[in-house]
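**Q** Going line by line, the protein sequences match chains A and B. Going by the working numbering, the first residue of the first sequence is number 1146, and it counts up by one from there. Going by the working numbering, the first residue of the second sequence is number 1146, and it counts up by one from there.
Incorrect hints may appear among the rest.
One copy or two, either will do: identical chains are not told apart, so a pair holds if it fits within one copy or between any two.
Simulated crosslink set (DSBU-like; lysine-lysine; CA at most 35 Å straight-line) [unchecked claim]:
1) Lys1618 <-> Lys1163
2) Lys1163 <-> Lys1569
3) Lys1335 <-> Lys1276
4) Lys1264 <-> Lys1359
5) Lys1276 <-> Lys1163
6) Lys1335 <-> Lys1577
7) Lys1588 <-> Lys1329
8) Lys1263 <-> Lys1276
9) Lys1301 <-> Lys1569
10) Lys1441 <-> Lys1264
11) Lys1359 <-> Lys1263
12) Lys1207 <-> Lys1162
13) Lys1329 <-> Lys1263
14) Lys1329 <-> Lys1569
15) Lys1163 <-> Lys1441
16) Lys1569 <-> Lys1207
17) Lys1588 <-> Lys1368
18) Lys1312 <-> Lys1182
19) Lys1312 <-> Lys1577
20) Lys1207 <-> Lys1158
21) Lys1264 <-> Lys1571
Derived from the structure by calculation, the hints contain no laboratory data.
Take a look at the letters that make up each chain.
2 protein chains.
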Amino acid sequence: MFEAVELKQSLSKEEFKKLEPETRAALLAAQHELREKNIATLILVAGVEGAGKGEVINRLNKWFDARGVFTHAFWDETDEELTRPVNWRFWRRLPARGSMAFMFGGWYWEPLYQYTRKKISGADVDEAAQKITDLERMLHQDGMLIIKLWFHLSRKTHAARLQARRKQSKHIGVLADETREHEKYGAFIKSAERLIRHTDNNDCQWHLIEADDKWHRDMSVAKVIQAAMEQRLHEHRTGDRRATVHPLAPQIESKPVTILDHVNLDAELSRDEYIDQRNLYQRRLHELAWQAYEAKRSMIAVFEGWDAAGKGGAIQRATNAIDPRLYQVISVGAPSDEERAHHYLWRFWRHVPRAGYMTIFDRSWYGRVLVERVEGFAETHEWLRAYHEINNFEEQLTEQGIVIAKFWLHISPEEQLRRFEERKTKAWKQHKITDEDWRNREKWEDYRQAVNTMVEHTSLSTAPWTLVPASDKRFARVMVLETLCAALERALAGP
Amino acid sequence: MFEAVELKQSLSKEEFKKLEPETRAALLAAQHELREKNIATLILVAGVEGAGKGEVINRLNKWFDARGVFTHAFWDETDEELTRPVNWRFWRRLPARGSMAFMFGGWYWEPLYQYTRKKISGADVDEAAQKITDLERMLHQDGMLIIKLWFHLSRKTHAARLQARRKQSKHIGVLADETREHEKYGAFIKSAERLIRHTDNNDCQWHLIEADDKWHRDMSVAKVIQAAMEQRLHEHRTGDRRATVHPLAPQIESKPVTILDHVNLDAELSRDEYIDQRNLYQRRLHELAWQAYEAKRSMIAVFEGWDAAGKGGAIQRATNAIDPRLYQVISVGAPSDEERAHHYLWRFWRHVPRAGYMTIFDRSWYGRVLVERVEGFAETHEWLRAYHEINNFEEQLTEQGIVIAKFWLHISPEEQLRRFEERKTKAWKQHKITDEDWRNREKWEDYRQAVNTMVEHTSLSTAPWTLVPASDKRFARVMVLETLCAALERALAGP
Chain A
1146 MFEAVELKQS
1156 LSKEEFKKLE
1166 PETRAALLAA
1176 QHELREKNIA
1186 TLILVAGVEG
1196 AGKGEVINRL
1206 NKWFDARGVF
1216 THAFWDETDE
1226 ELTRPVNWRF
1236 WRRLPARGSM
1246 AFMFGGWYWE
1256 PLYQYTRKKI
1266 SGADVDEAAQ
1276 KITDLERMLH
1286 QDGMLIIKLW
1296 FHLSRKTHAA
1306 RLQARRKQSK
1316 HIGVLADETR
1326 EHEKYGAFIK
1336 SAERLIRHTD
1346 NNDCQWHLIE
1356 ADDKWHRDMS
1366 VAKVIQAAME
1376 QRLHEHRTGD
1386 RRATVHPLAP
1396 QIESKPVTIL
1406 DHVNLDAELS
1416 RDEYIDQRNL
1426 YQRRLHELAW
1436 QAYEAKRSMI
1446 AVFEGWDAAG
1456 KGGAIQRATN
1466 AIDPRLYQVI
1476 SVGAPSDEER
1486 AHHYLWRFWR
1496 HVPRAGYMTI
1506 FDRSWYGRVL
1516 VERVEGFAET
1526 HEWLRAYHEI
1536 NNFEEQLTEQ
1546 GIVIAKFWLH
1556 ISPEEQLRRF
1566 EERKTKAWKQ
1576 HKITDEDWRN
1586 REKWEDYRQA
1596 VNTMVEHTSL
1606 STAPWTLVPA
1616 SDKRFARVMV
1626 LETLCAALER
1636 ALAGP
Chain B
1146 MFEAVELKQS
1156 LSKEEFKKLE
1166 PETRAALLAA
1176 QHELREKNIA
1186 TLILVAGVEG
1196 AGKGEVINRL
1206 NKWFDARGVF
1216 THAFWDETDE
1226 ELTRPVNWRF
1236 WRRLPARGSM
1246 AFMFGGWYWE
1256 PLYQYTRKKI
1266 SGADVDEAAQ
1276 KITDLERMLH
1286 QDGMLIIKLW
1296 FHLSRKTHAA
1306 RLQARRKQSK
1316 HIGVLADETR
1326 EHEKYGAFIK
1336 SAERLIRHTD
1346 NNDCQWHLIE
1356 ADDKWHRDMS
1366 VAKVIQAAME
1376 QRLHEHRTGD
1386 RRATVHPLAP
1396 QIESKPVTIL
1406 DHVNLDAELS
1416 RDEYIDQRNL
1426 YQRRLHELAW
1436 QAYEAKRSMI
1446 AVFEGWDAAG
1456 KGGAIQRATN
1466 AIDPRLYQVI
1476 SVGAPSDEER
1486 AHHYLWRFWR
1496 HVPRAGYMTI
1506 FDRSWYGRVL
1516 VERVEGFAET
1526 HEWLRAYHEI
1536 NNFEEQLTEQ
1546 GIVIAKFWLH
1556 ISPEEQLRRF
1566 EERKTKAWKQ
1576 HKITDEDWRN
1586 REKWEDYRQA
1596 VNTMVEHTSL
1606 STAPWTLVPA
1616 SDKRFARVMV
1626 LETLCAALER
1636 ALAGP
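One chain only, chain A, in its complex shape (with noise of 0.2 Å):
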């Protein structure tokens, strides 16, 4: 999920005070009409240690009409607040009708500082988040606007940030208290992970904000609040509550980077290490499909992406290496008419494998979100629901200990037209091209943004998307190839 905020962006000091004042008159005039329109907000803000949470809110609070605007920490509870039920501190702090409040942490640091130290389990977490989504949307359908902030830094940025302060700062005891924070990191990120995803409804959305750069990490928050307040004025303007959708990981317009654009498409191996490499992870892969049925643990890999970027051809070099015996390719198409009779997650339940087995699936469960969304065939809230539906289900395969990897097959506009094009001239490829190719083609814009809306929200920790660069074949069947064995190693290497 983070890796959508680790996109390396940033902002000149200069492209900063350029957006600044528009920016600033755009957030005065929205918290003005929120306050004559007597709708509360509340601006939670979360993240890692050392992200500069503080520095943000210091500045929008200069920003904004400091009259009616509060700040709340709740790191020095009171006794009043210690002999009460936790959510008093927060419900005596709740903006009112037509003010605005910061809160660090909220309800949410309580939670993720318990799972991190593992004083509570996977179960009391997700007990946490139901009870916080119950709050959450008592308050939202009270009227409230809920801005959620995750304030996010690479690992190796948190432990720059760290070393920086340790130099800065004369308090040992707290530096200690640092170092040991940044061994937790890992730790922290599961946790934090789990959380934002049980709790990323879609009326009350979670925002990843990425800090290394603090220009670009301060204007982003201000893109994002202005673009949620005016969001809440345009519901209250037409009465019309129902969830919009908007990408986790926000951009600014002027400099727009996405996960998409990281995947290096310049990669690519020779002939002679292409067969070396694939011989040997084709062995090693054999050997751990049979490994892994004796164990018992079974796998699924889902293959996605643009027409033409070689899914066939890298699944079959993953088939070829493993006994027939041991896996099922499933080639998505259109729905039977049996299937068509059921929720649209009913034909992949069908062939989820048994213990030991494998299922590789041509295109997935994923159509919900990229094709039936690009062509309308999904109506906007059954797709947006979809991301949450398939976490679901993905979590319940993979507590059941199967093996989940995802591969997206990317490749740029120019080179998927040039296969296109050979494939007109190659007879024995013409059966490949469509029509319809022709057509998805076109919507190029539109699959993009959907295929980074996808991995930003169904990308986790224990499924995770690998993004394959496949204008050289070679490099990605074996990055394919490669891929699957780490996963099935660490599944069997065990927890």
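Could you slot chain B onto chain A? The hints should help.
**A** Frame of chain A; chain B shown alone:
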């Protein structure tokens, strides 16, 4: 919660036979229309052992057109099922559009069984409930009609049923099992309450069926299913699937019996008995309030009831007994400006007591589902979701260790009239009667329904309602004092 279906409702065989033809015809007509409209129907059947679930389903299977109706139990899982994620077995048996399925236990059985046997924790149950909610919501959103039936037997009938079976059966092993089963009745009921409450969502509601009398049981079930099917068809015609209210414990229209009908309004105490018992319980309450203070256990007492039922007098008799440093009485009238600027629960959160103290609410958050419902101050969707909100609120209090006692002071409309007239004529009572009281009186029936629904949905084992017969004020006051003492004693005795 289950007191809503311990009402000793019954139906004679003759009454049943009289209702049968039209009910049967209506069910069949609804089934055929659902098939025509391509809507799937799933009927989940759960409840205590010995309630006759199988008998009911057999009868219904005879009544329905057998084509496209399936019955599934999940008690002997196959190897195929055991080696896949637990929901796989349910997915493969979900009814297709246009068909119907009965499922015994379904996805409820496993968490219930595990929790009753203390193999999983409360947090695990809540996690399971969350997953169930996700699954059911997904199917509901896909157009499926889900009807959830819970068959309840009172502790007494449960014991008698098992006893009767024992006499019939020759399988000694099974008998020993069932005796153990009855010993777990209490634990089972408690688990069931938790799971039902957390999965009773507006779009997938539970229906509690009183199963003591078989004719009544079967007719209730038929009526519930008929109503649900007709409601679903109505939604299909209007294109509007918004939730509608229904009572948790359905009634057969021609034989309505509700919780309030079971309040014995003839209960009374002589003057001497009253003085003795009042003094006894007041002394005890005084002592217990101090003990609670020392043990840092708080209490919240909620007083609701008909106008002129004697709330004020009952509260006074309690507060007279308690050291004034230990309690606060909050009279809930029209909200202040500041309170109006917040969520309706905010004004009650303000008065949550510190550890060791007591807050007495003269009227409370239940106004949301009483006066606000009846007078239309809250929209239907607002008071509908309030049951869930209130249960969540009280759960947060009880989890913090706060003891909750809730009283409904009940009188008949005739008694109320007598008291109103008295107030009119006695000078020192005239201030106590207003035009509003007379207006409320005209809506007696609406309020009666609202009270019934409220008690059904919000009477939890951790925060139960006490229905106080208040025709005789002396009896009512003593019952309140006694209940407060008992609640504190239980809490102070520890878990």
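**Q** Would you mind marking each hint as holding or not holding in the structure?
**A** Structure-based check of each hint:
1. Lys1618 <-> Lys1163: neither (44 Å within a copy, 75 Å between copies)
2. Lys1163 <-> Lys1569: This pair counts as neither: shortest intra-copy Cα distance 49 Å, inter-copy 75 Å.
3. Lys1335 <-> Lys1276: Both, since 20 Å and 20 Å are each at most 35 Å.
4. Lys1264 <-> Lys1359: Close inside one copy (33 Å), not across copies (49 Å); limit 35 Å.
5. Lys1276 <-> Lys1163: Cα proximity of Lys1276 and Lys1163: none, with 42 Å in one copy and 48 Å across.
6. Lys1335 <-> Lys1577: Result: close neither inside a copy nor across copies, 42 Å intra and 61 Å inter.
7. Lys1588 <-> Lys1329: Result: close neither inside a copy nor across copies, 43 Å intra and 61 Å inter.
8. Lys1263 <-> Lys1276: The answer is both: 20 Å in one copy and 23 Å across copies each meet 35 Å.
9. Lys1301 <-> Lys1569: Neither way: Lys1301 and Lys1569 sit 47 Å apart in one copy and 80 Å across, limit 35 Å.
10. Lys1441 <-> Lys1264: both (31 Å within a copy, 25 Å between copies)
11. Lys1359 <-> Lys1263: Result: close within a single copy only, 32 Å intra versus 51 Å inter.
12. Lys1207 <-> Lys1162: within (15 Å within a copy, 76 Å between copies)
13. Lys1329 <-> Lys1263: both (11 Å within a copy, 33 Å between copies)
14. Lys1329 <-> Lys1569: neither (55 Å within a copy, 72 Å between copies)
15. Lys1163 <-> Lys1441: Classified as neither: same-chain Cα gap 59 Å, cross-chain 58 Å, threshold 35 Å.
16. Lys1569 <-> Lys1207: neither (61 Å within a copy, 62 Å between copies)
17. Lys1588 <-> Lys1368: Only inside one copy: Lys1588 and Lys1368 sit 27 Å apart there, 52 Å across copies, limit 35 Å.
18. Lys1312 <-> Lys1182: So Lys1312 and Lys1182 fail the 35 Å test inside a copy (48 Å) and across (71 Å) alike.
19. Lys1312 <-> Lys1577: neither (61 Å within a copy, 73 Å between copies)
20. Lys1207 <-> Lys1158: This pair counts as within: shortest intra-copy Cα distance 18 Å, inter-copy 77 Å.
21. Lys1264 <-> Lys1571: So Lys1264 and Lys1571 fail the 35 Å test inside a copy (63 Å) and across (64 Å) alike.
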